[in-house]
Amino acid sequence: MKEELRELYRHRELLYMIVYRDIKIRYKQSIIGFLWAILMPILIVMSGVLVRYGYAVATHAPFQKGDLASVAVKSLPWAFLISSIRFACSSLTNNGSLVTKIFFPKEIFPIASVLVCLFDFFVASVALIVLLLIMQIGWSVYLVWIPVLLLTMVVLAAGIGMIVSAGSLFFRDVKYIVEVLLTFGIFFTPVFYDVTMLGRKGKWLLLNPVGPILDGLSACIVRHQSPELSWFAYSAVFGLVAFVSGYALFKRLEPFFAEGI
Amino acid sequence: MSDVALRMEHVYKKFRKGETYNSLRDLLPALTGKMFRGELNERDKREFWALQDISFEVKHGEALGIIGHNGAGKSTALKILSRVMNPTKGRMVVNGRLSALIEVSAGFHQDLTGRENIFLSGTILGMKKREIESKLDQIIAFSGLEEFIDTPVKRYSSGMYARLGFSIAAHVDPEVMIVDEVLSVGDFVFQQRCMERMRSIIDGGTTVLFVSHNLKSVMELCDRAMLLEHGKIATIGPTDSVARTYLSDSVRSHGGQEDNRVCISQVKVRDRAGEQSRFESGQTAWVDIEVTASEPVEKLAVVIWLMDEFQYEIFNTSTERLGHRPFSLQAGESYRCTFELTLNMAHGTFQLCTAIHRYDLGKNYDRWVPASTLFVGSTTAVRGAVNCFPRLASTETVSASSRSDLLEAVPQPSFSPMKSRT
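Just so you know, the sequences run in chain order A and B.
Just so you know, the first sequence maps onto residues 106 to 366 in the numbering used here.
Just so you know, the second sequence maps onto residues 3 to 424 in the numbering used here.
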């Protein structure tokens, strides 16, 4: 694995070029340009607000600005995760001619997909920061957790991305399965709701490794608390295992890409 | 570092024929079905070997051509050489930076400009950004696309597309270079430029593996060649002799016998000294042909013709057209004739073909296409298709004032075509 990572490092300029290419094309072709990056998060936030408002009406609890902030803070990373998995999933098949013709570490494609979506995420974050400033959500030292939590998210996305990209290269219907999982995944992940809203049993939802990360972000940005360390550790280990095993699987399958595609 | 640039050791590559499953929806039922029927090992029957026991070495600075008919394993060999596929058995060793010049425009993105694509493709081919920056002007100049370099490549014509692709690839400067048919892109002028560039790359000490069925370019670029047949090495050695084996194989595969009562039994090309395939322009070649009948046949003629490398028929004659009467043969009888040809072509590789024909019925008997190959060389004085054996009848520098007088005084033909070439 060490040797393979070194090979990947040697091709870092190629990774950069592919990321640059994809970003450039994405923003060059769309009429709305940079709005593209915040379109999906806005939709997610709006549906989240609707769900939360409905919850507030049903339970006769007041709808607080913290709810809006929490939904917004969790929607962006969720949008990042699903778009990077979706994009990574078709990255190898979309670059089929390069996969079959030229030798270089092919994990560049799913990893580049994740990085491109990370770029979108940062663009959208600017809008989010403005929103949070307007809402006067305040700040605390716990904000230092943000990069750690985001890194975990990126590692997890890259791990899953490599697995699904290799999978969809060999089996074309993997794409549809992934699509369904991503669409309904939001109901099994505490994006619109907080785990506390489901009472004691809500904790089980944190078994979804994305849960603790989103909850942690909400904790350190909105609630000014430290993330729950044990749950975060669980997510971090899960993310790392997903990355290492995804990478190992990807490298095992890589020699068969050219004939399997 | 050893002097071996690339080595294949007993390389085998296996493929599976027939149905493969590319969706889980098909695979899962098929697998469970097979498990119940206990047929899991069934697929072994459908395997075939695309390459078998391929071993060879290429030394640093050497150019090796790999030729073969369609389906002989060239593309598989190419993929293994460029490392996008792993051999099933055996191994390949490469010393030095390897770059594959295969369909270079594969890395292009339609919406990016020519300049952006140079950076993208260059990086894909293994160049560093700084390297590309320093060669950017050279690459653009080579492609001849200065005006369009900031236009998205989707607006390019296919020729421009290919030209840009080759220009990038030709500037990668690897130590070992794998080349396929990319040389046959663009118009004639650009092809010439590609060949020149390839030659200078080879002269510069780069090891080149050239996979092609364009025999002419292989002959021009490579000293050594390897012939693949059904996934095995048929011969490996000097390009001339390998090319001859390759072409004589085509006789067997192309010899469409429409009526086998009479067959061509021998074709021999010779010069004054004996059997020969290399000639100088203007030399005389003798072609001995023998036809043998297995049943009685009447009113036959022997036809010979020459084709250039583009399969154009450039010359055709027959015994009958040369004034010889049609001949008839009894069973077991043979007929021999010798054609004497003055090779007035300028330079190139030509295929000599021959057939037995009956003019009054328009009927074809046996034909050999090609029967033999002629390599015609010429001095550097002549370019083009034919040799008109030019001679410089006169030259003179004329002052501006007396020019008009001279044009009248000197008959036109004296202005030899050589003048524009000097």
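Since the hints were made in silico from the structure, they are not lab data.
Cβ coordinates follow ideal geometry from the N, Cα and C atoms, glycine included.
Incorrect hints may appear among the rest.
Unchecked claim - Covered stretches of chain B (in silico footprint by chain A; criterion: 3 or more residues with CB under 8 Å from a CB of chain A, positions within the stretch not fixed):
| no. | segment |
| --- | --- |
| 1 | 332 to 345 |
| 2 | 389 to 397 |
Said to hold, decoys possible - Below, in silico cross-link-like pairs of lysine-lysine (DSSO-like), each with a Cα-Cα straight-line distance of 30 Å or less:
| no. | chain 1 | residue 1 | chain 2 | residue 2 |
| --- | --- | --- | --- | --- |
| 3 | B | K156 | A | K280 |
| 4 | A | K280 | A | K206 |
| 5 | A | K133 | B | K270 |
| 6 | A | K107 | B | K218 |
| 7 | B | K131 | A | K133 |
| 8 | B | K365 | A | K206 |
| 9 | B | K301 | A | K206 |
| 10 | B | K301 | B | K218 |
| 11 | A | K280 | A | K170 |
| 12 | B | K301 | B | K234 |
| 13 | B | K131 | A | K206 |
| 14 | B | K234 | B | K270 |
| 15 | A | K356 | B | K131 |
| 16 | A | K356 | A | K129 |
| 17 | B | K16 | A | K280 |
| 18 | A | K206 | B | K270 |
| 19 | A | K129 | B | K91 |
| 20 | A | K306 | B | K234 |
| 21 | B | K91 | B | K137 |
| 22 | B | K91 | B | K130 |
| 23 | A | K356 | B | K91 |
Hints versus structure:
1. 332 to 345: It is violated: at least three residues are needed, and the segment 332 to 345 of chain B offers just 0 whose Cβ sits closer than 8 Å to chain A.
2. 389 to 397: violated (count 0)
3. B:K156 to A:K280: At roughly 28 Å apart (the allowed maximum being 30 Å), K280 of chain A and K156 of chain B satisfy the hint.
4. A:K280 to A:K206: holds, 23 Å
5. A:K133 to B:K270: violated, 65 Å
6. A:K107 to B:K218: With Cα atoms ~45 Å apart, K107 of chain A and K218 of chain B exceed 30 Å; violated.
7. B:K131 to A:K133: With Cα atoms ~23 Å apart, K131 of chain B and K133 of chain A stay inside 30 Å; holds.
8. B:K365 to A:K206: At roughly 48 Å apart (the allowed maximum being 30 Å), K206 of chain A and K365 of chain B break the hint.
9. B:K301 to A:K206: violated, 56 Å
10. B:K301 to B:K218: Not satisfied, since the Cα-Cα distance of roughly 38 Å exceeds 30 Å.
11. A:K280 to A:K170: Given that 30 Å is the threshold and the Cα spacing comes to 38 Å, the pair is violated.
12. B:K301 to B:K234: violated, 44 Å
13. B:K131 to A:K206: Distance ~21 Å between K131 of chain B and K206 of chain A Cα, so the pair holds.
14. B:K234 to B:K270: Holds: K234 of chain B and K270 of chain B sit about 29 Å apart, inside 30 Å.
15. A:K356 to B:K131: It holds: about 26 Å lies between the C-alpha atoms, which stays within 30 Å.
16. A:K356 to A:K129: Holds, at about 28 Å.
17. B:K16 to A:K280: The given pair, whose Cα atoms are some 28 Å apart, holds under the 30 Å limit.
18. A:K206 to B:K270: violated, 43 Å
19. A:K129 to B:K91: Violated - the C-alpha atoms of K91 of chain B and K129 of chain A are around 42 Å apart, more than 30 Å.
20. A:K306 to B:K234: violated, 66 Å
21. B:K91 to B:K137: It is violated: about 40 Å lies between the C-alpha atoms, which goes past 30 Å.
22. B:K91 to B:K130: violated, 33 Å
23. A:K356 to B:K91: Satisfied, since the Cα-Cα distance of roughly 19 Å is no more than 30 Å.
In this structure, the earlier hints numbered 1, 2, 5, 6, 8, 9, 10, 11, 12, 18, 19, 20, 21, 22 are contradicted, and the remaining ones agree with it.
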